[in-house]
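*Asks:* Generate coordinates for the entire structure from the input sequences, incorporating the hints supplied.
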Amino acid sequence: MLEKVKDWSDEFYESFKPIAMGFVNEAEKCLQCGKCTGQCPAAAVTPSYNPRKIIRDLVFGNVKRVLSSVELWQCFFCSGCYSVCPMDINFPFFVFMFRLAAMNEGYGWEDVKQLEGYAEKSYLKDGITVSTFERNPYVLDTVGDIGKIRAEAGLPPERKVSARGVAEINMISDLSGMTAFMKQIGGVELLDCKSCTDEQAKRCKRKPMPSKVGKVKTHYRFYNYGEPGGKKHAQAG
Amino acid sequence: MAENFMEEYGQETSREAAERTLSYFRELFSLEMPLGRMMKMMPGMVKFAMHGKDTRVDLLKFVPQMMPMMKAAVSGKREG
Numbered sequence: 001m002l003e004k005v006k007d008w009s010d011e012f013y014e015s016f017k018p019i020a021m022g023f024v025n026e027a028e029k030c031l032q033c034g035k036c037t038g039q040c041p042a043a044a045v046t047p048s049y050n051p052r053k054i055i056r057d058l059v060f061g062n063v064k065r066v067l068s069s070v071e072l073w074q075c076f077f078c079s080g081c082y083s084v085c086p087m088d089i090n091f092p093f094f095v096f097m098f099r100l101a102a103m104n105e106g107y108g109w110e111d112v113k114q115l116e117g118y119a120e121k122s123y124l125k126d127g128i129t130v131s132t133f134e135r136n137p138y139v140l141d142t143v144g145d146i147g148k149i150r151a152e153a154g155l156p157p158e159r160k161v162s163a164r165g166v167a168e169i170n171m172i173s174d175l176s177g178m179t180a181f182m183k184q185i186g187g188v189e190l191l192d193c194k195s196c197t198d199e200q201a202k203r204c205k206r207k208p209m210p211s212k213v214g215k216v217k218t219h220y221r222f223y224n225y226g227e228p229g230g231k232k233h234a235q236a237g
Numbered sequence: 001m002a003e004n005f006m007e008e009y010g011q012e013t014s015r016e017a018a019e020r021t022l023s024y025f026r027e028l029f030s031l032e033m034p035l036g037r038m039m040k041m042m043p044g045m046v047k048f049a050m051h052g053k054d055t056r057v058d059l060l061k062f063v064p065q066m067m068p069m070m071k072a073a074v075s076g077k078r079e080g
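As they're listed, the protein sequences go chains A and B. Take the first sequence: its position 34, counting from 1, is numbered 34 in our numbering, and each next residue is one higher. Take the second sequence: its position 36, counting from 1, is numbered 36 in our numbering, and each next residue is one higher.
By construction, these hints were calculated from the structure, which means they are not laboratory data. Keep in mind that this is a model prediction, so the values were computed, not measured. Honestly, I wouldn't trust all of these hints.
[What the hints assert, rightly or not] Within a straight-line C-alpha distance of at most 27 Å, the following computed DSS-like cross-link-like pairs (lysine-lysine) qualify: (1) B/Lys40 / A/Lys212; (2) B/Lys40 / A/Lys215; (3) A/Lys125 / B/Lys61; (4) A/Lys217 / B/Lys40; (5) B/Lys53 / A/Lys125; (6) A/Lys160 / B/Lys71; (7) A/Lys125 / A/Lys148; (8) B/Lys47 / B/Lys71; (9) B/Lys47 / A/Lys125; (10) B/Lys53 / B/Lys40; (11) A/Lys160 / A/Lys125; (12) B/Lys40 / A/Lys125; (13) A/Lys148 / B/Lys53.
*Replies:* And the structure:
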């Protein structure tokens, strides 16, 4: 799975620095101490996710492995790694930048397109930045709808945003290219089909991943950093 | 379907993938304002201006700040 060293050059690495707004610049200071991974809640749940390895791959120039990995999408930006890093490497920002790059390569669209329904129904129309309804059948069964929970707590089922606020959100979204980005996203994927029941499958609006997003051809990602459930999971399988 | 990422990328090296990423970032974070990019922004501003009188007034306050950018977009020349 590893690449040859000659795939990379120092000259190219130097040119990478200014463009990526310093995140590569920081990454080369990495001591590989593993503090980031040690405290990471995402790594505790999915052992294949390892921030230290991802930084190492960037520094060694194994960009293909990072871009095409599922692990790049397992960070949820708690910034714990940044706070414990002895070299002050801003790993969450690095993940953010690399997710953009991965989407440009056609990876990660199955995660991003879940935003589509929310973007059309809530964000641009009502100006609500948090989903007002639960679409995930599993959460509906176990926790219940967000609207109901809000009503039980004595709140109106949906948040209200002023008309001017909605107009502003629409303008910002258009100016920043967010609207165009949302239009690229196709379909809604909710649950892993292997794990949902027939009843859940009926309500599920799963659609296949778009073969192309704009000019970019989409690809499925790979577990490039090991078995998702750890060694035990691999042996059980 | 490819079994792993090396198969997916085929003969392509990491350097080629990274070069593509670089040019994508260059475009994404570019401060240049070509006419095409400017035109994409217009619908949002028009929508905002059409919403009401107060939004129109707010937007007009920003016109002096936007003028150099608009001039550059229309003439196709870079400022400074």
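*Asks:* So which hints don't hold here, by number, going up?
*Replies:* Violated: hints 6, 13.
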